[in-house]
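Colleague: Given next are the chains, with one letter for each unit.
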Amino acid sequence: QQQVKQSPQSLIVQKGGISIINCAYENTAFDYFPWYQQFPGKGPALLIAIRPDVSEKKEGRFTISFNKSAKQFSLHIMDSQPGDSATYFCAASGSGTYKYIFGTGTRLKVLA
Amino acid sequence: SQTIHQWPATLVQPVGSPLSLECTVEGTSNPNLYWYRQAAGRGLQLLFYSVGIGQISSEVPQNLSASRPQDRQFILSSKKLLLSDSGFYLCAWDRGLAKNIQYFGAGTRLSVL
Chain A
1 QQQVKQSPQS LIVQKGGISI INCAYENTAF DYFPWYQQFP GKGPALLIAI RPDVSEKKEG
61 RFTISFNKSA KQFSLHIMDS QPGDSATYFC AASGSGTYKY IFGTGTRLKV LA
Chain B
1001 SQTIHQWPAT LVQPVGSPLS LECTVEGTSN PNLYWYRQAA GRGLQLLFYS VGIGQISSEV
1061 PQNLSASRPQ DRQFILSSKK LLLSDSGFYL CAWDRGLAKN IQYFGAGTRL SVL
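Going down the list, the sequences are from chains A and B.
Counting from 1, one number per residue, gives the positions in the first sequence under the working numbering.
Counting from 1001, one number per residue, gives the positions in the second sequence under the working numbering.
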């Protein structure tokens, strides 16, 4: 119930393509869904986040799509660039706790 | 502005030696503080979190302990390191409110040999 399942584990995309990473959760009490970006040897940094009262949030080339009934959310990176090569983590929180439940991460490589 | 400091950046320790990693947050008060471990190629495992001075919650049984001697200081310790303690340790903080952003430090790469 507390897990967040993330897929794929790794992803290779050509420059200019669309990168899509998916996450699914079970706990319907989750009400905050952030995505973090982590470069090698660095700490994760918040990329974009969504709350369940909206189905989509866009910030530049990054979009979160949220499907409350399916308990799924995904990150879309449009016009992927080599500089986007990093590990991406989805997370969920809520249910009266401050804690995040993180997905297992997706290692994205964008080929030049 | 708020900043989080974590040190050391890298550490190589022999098996059986003690460990002390420190994390401090500046520019805020009463933060929630978190210690995570990230094994190579794996996700973020929450080890400990703290909502106040002296208040520590452990998420998984292990060879590590945490302490919060001051409001913005969080320490991760071990009396005797194991090989399995190797990993990338991350400290994080948030404002202690619901639906809030966690901010991560730069991490400590620990190698136990």
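Source of the hints: derived by calculation from the structure; they are not laboratory data.
The C-beta atom is built at its ideal place from N, Cα and C for all residues, glycine as well.
Treat the hints with caution; some may be incorrect.
Computed cross-link-like contacts, DSSO-like style, restricted to lysine-lysine with a CA-CA straight-line distance of at most 30 Å [as the list claims (entries may be wrong)]: (1) B:K1079 - A:K99; (2) B:K1080 - A:K99; (3) A:K71 - A:K58; (4) B:K1080 - A:K57; (5) B:K1080 - A:K15.
Residues from chain B shown here face chain A by an in silico Cβ test under 10 Å; the list is partial [what the hints assert, rightly or not]: (6) N1030; (7) Y1034; (8) P1061; (9) R1072.
Colleague: For every hint, state whether the structure bears it out.
Modeller: Hint-by-hint comparison with the structure:
| no. | hint | verdict |
| --- | --- | --- |
| 1 | B:K1079 - A:K99 | 27 Å, holds |
| 2 | B:K1080 - A:K99 | 28 Å, holds |
| 3 | A:K71 - A:K58 | 19 Å, holds |
| 4 | B:K1080 - A:K57 | 47 Å, violated |
| 5 | B:K1080 - A:K15 | 47 Å, violated |
| 6 | N1030 | 12 Å, violated |
| 7 | Y1034 | 8 Å, holds |
| 8 | P1061 | 17 Å, violated |
| 9 | R1072 | 16 Å, violated |
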